[in-house]
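If you read the sequences in order, they're chains A and B. Quick note on numbering: the working numbering labels position 7 of the first sequence as 7, and the sequence is numbered without any gaps. Quick note on numbering: the working numbering labels position 465 of the second sequence as 612, and the sequence is numbered without any gaps.
Read the hints as simulated data drawn from the structure, not as lab findings. Note that the structure is a prediction, hence the values are computed from the model and not measured. All C-beta atoms in this analysis are idealised placements derived from N, C-alpha and C, irrespective of residue type, glycine included. Certain hints may be false.
Stated by the list, open to error - With beta-carbon atoms standing in for the labels, derived distance ranges:
id, chain 1, residue 1, chain 2, residue 2, range
1, B, 663, A, 92, 32 to 38 Å
2, B, 460, A, 107, 53 to 59 Å
3, B, 398, A, 32, 42 to 48 Å
4, A, 32, B, 727, 21 to 27 Å
5, A, 92, B, 460, 57 to 63 Å
6, A, 108, B, 804, 38 to 44 Å
7, A, 33, B, 747, 40 to 46 Å
8, B, 608, A, 137, 22 to 28 Å
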Amino acid sequence: MCRILVVDDEDEVRASLARRLEREGFNVTVAASEDEGLSAMKEAVKPFDVVITDMNMGDPNSGVHILEGAVGRDVFTEVIVLTAYGNVANAVECMKRGAFDYVEKNLPGVDVFELLILKVEQALERRRSSVQTVRRLEKFQKEMGKG
Amino acid sequence: MVNPACQGGERKIVLIEKNIPKYVHFGTAIPIRSSVLAKPRGDKLYYRRNGSHLQPEPRKRHERRASRRRRPSGEGVRAELTRLSRLSQVAVSGGGVSELLDNYVEEAVTATGATRGFIALAEVETGDLEIVAIAGAGWTDEARRNRLGRRGPTGTTITARVATTGKCVRIDDVEDAPNYQPFFADIRSVLAVPIVEPGERVRGVINLESETPGEFTTDEEAFASVLADMAALRLSMEDKSARQAALIQNGKDLSIAADADALMKKVADVAAEILRFEDCSIFLIDRATRRAVLVATRGPLAPQIGKAYYEIGEGLTGWVAEHGVPVRIGSPKNDPRHKGLHQELKDEETGAFLAVPIRSTTGVVGVLRVLRKNSTSPWFPNDFTEEDEQVLLTIASQVGAAIDNAQLFARLVQAERMAAWGEMSAMSSHMIGNRVFAIKGDLNELEHVLGTGPGHEPVTVTREQIALLVGNMKRGIFRLEELLREFRDFVRATSLSPVPLELSELTRSVVEETFPKRGPVALTTDYAQEPLPAQADPVKLKRAFAEIIENAVTFQERGGSLQVATRRVGPGDVLPPEVSLPRGGAYACIEFADGGPGIREEDKSKIFRPFFTSRNRGMGLGLAIVKGIIEAHHGDLVEVGKPGEGARFLIFLPLREGD
């Protein structure tokens, strides 16, 4: 079962995200701040497959810090950043640093929860393919070594 | 500086100049006057002005006249010197003018041997002479009234003649003066000297009369003239200090004024009353329409405030606005620029017109104009003087500076709010965005459970599940509305609709409306005995006070206390160092002290900033709104409680006084 961490400082946002993701059958963990999120990632026995984090939790760079923590724990963890509508500068910065994508929380006329589920599935797909690629590479190197 | 002529009383001096006020100056005149007082009898020395000195000059013998006085001894001269020195001291002492004039008329009667005497002053607006001080025998209320009252043409009495010509009149025997109208049957000789102000305007007359023919000689005339000069000096000092006081008061008012309209009215009052103009009006140029609009006036134009206007260049007022140059004329109706659009007085009533530009750093921003009525006395000039113009220009520059000040203040407030707006838009997209996001999540879930969403199969759903989602959405929408209200209050905090109100009464009513009567918090109130009148926006102040009361109640859910007190704070009272207010004004202090946790030392500097909150609701604009409202009233809000002992908020608001 896929493991997803949701980091957001707003109770309602966290609750609604968790509810929607659980409906898809994901194993969801929630964290209410940047610090909680970072320690949740450190303490997890097995790294999270996907981390969904709010960009701004008091600090406008909270999302960047979570991304760094996630990639530091496991390079295959995919991070999706949630941003306020029209404020994508930091999100683009996250993309440059390797985030999977960003989702604007308040896109007019869009059911952003469905969009997010789509992104999560794409992220999981990329994670799977990355992991497979690496495994194939490892296998290939092993065979080359034998040969 | 004792003139040798005076020493030992052996040589006597008599001034021969007729028009004494032009010749007698205080420095040189004292010894001469003392000899004048001595009623010389023997040989006389005549002194004539030669440059700045009085030179003795032999002249033909002055006609000798019987005197009841003894030849002065050295003692006598000293006594007279003392008397004159005392009189000059009285002139510059702090006593009142009427006291001084009483004193002088008494001295004049005693020193000249007159039967009675009086001092009449010109009433400034109309030029009518009024008796203000009397001395000697035979006065009745009726005599006093009849003497020069407003009945009959003033030009016919001796007093009026002196006032008109500005020259002394001496009648040795009224039986030889066919035009003389006696008010007292016993009168034989009369002496009347003008009180001439610097600038040659006759301000009044000292009138002395005697039962003895030929009682008054040039000696008495000289003495009375010296008294008149001293009185004139004092009167003009009085005028100048009144003007100075008015200008200082005006400056003070302008620096602490809370309300521009009331202030302009006050400026008009100060100009008209203390500076003795008949009416005063202020026109300010509206930036949008480029018209000089009436903003304050005292007289009949009052209903036109905010309506009457001049185009720039239109009429005399518009001309001043266009050219930025004062206009000082006698009768506006004869001026080609005059249009007679908005007039405080009818054309034929207007005796003098003075309009000066109000300048700010951005150029001419308005016109201050004053009028005087026609004088009813042909001799009394009521033209505005150069000095009047200077005083009015000073007032205008004070007003200009105040307008600059107000605009800078408004711009500063605006800049601060613009900065807050930037933060606000980021904050609101974050806070409102999150609420909407959560509501959309609930809608998404609702669609899912109802099976109406894209690609959803209906699932088993209970009424409770639906009710839960609906409840969530409701709460989310309420919180959105709360944010909107806070947002609106913050934006509107500084736009006020002030009205006159009493602050203790207002506080009392807010406490009654806001404070929960059956809650766990104990309320004590202590309202000021004296009224605390202010010009303030009651709706905004109620919002501000209510916020503080609600905070106190919220932070003491398990019981506590709230003390509400109001009091007056004068300019001399010590205020907490956190308070920043212009000095010199009186304020109301409204105190809210609670028994809650108080404000932590590290938070004290932050509590009034926007978006600071220790509660999990709203945007944290509450106290920022309160601060904004109080500052817009030109007051201040501080928190001076000790952490752990409860919060103590002090609100200072300027009092509306003196009207």
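Hint check:
With their beta carbons about 50 Å apart, residue 663 of chain B and residue 92 of chain A fall outside the hinted range of 32 to 38 Å. In this structure, residue 460 of chain B and residue 107 of chain A meet the distance hint of 53 to 59 Å, their C-beta atoms being roughly 58 Å apart. For the hinted restraint 42 to 48 Å between residue 398 of chain B and residue 32 of chain A, the CB-CB distance of approximately 58 Å leaves it violated. Taking 21 to 27 Å as the suggested C-beta distance range, the pair residue 32 of chain A and residue 727 of chain B does not conform, at roughly 40 Å.
Range check, residue 92 of chain A to residue 460 of chain B: Cβ separation about 59 Å, and the 57 to 63 Å hint holds. The hint said 38 to 44 Å for the Cβ distance between residue 108 of chain A and residue 804 of chain B, and at roughly 55 Å that hint is violated. Against the hinted window of 40 to 46 Å, the Cβ-Cβ separation of residue 33 of chain A and residue 747 of chain B comes to about 21 Å, which falls outside the hint. Between residue 608 of chain B and residue 137 of chain A, the C-beta spacing of about 48 Å breaks the proposed range 22 to 28 Å.
Against the hints set out earlier in the document, violations occur for numbers 1, 3, 4, 6, 7 and 8.
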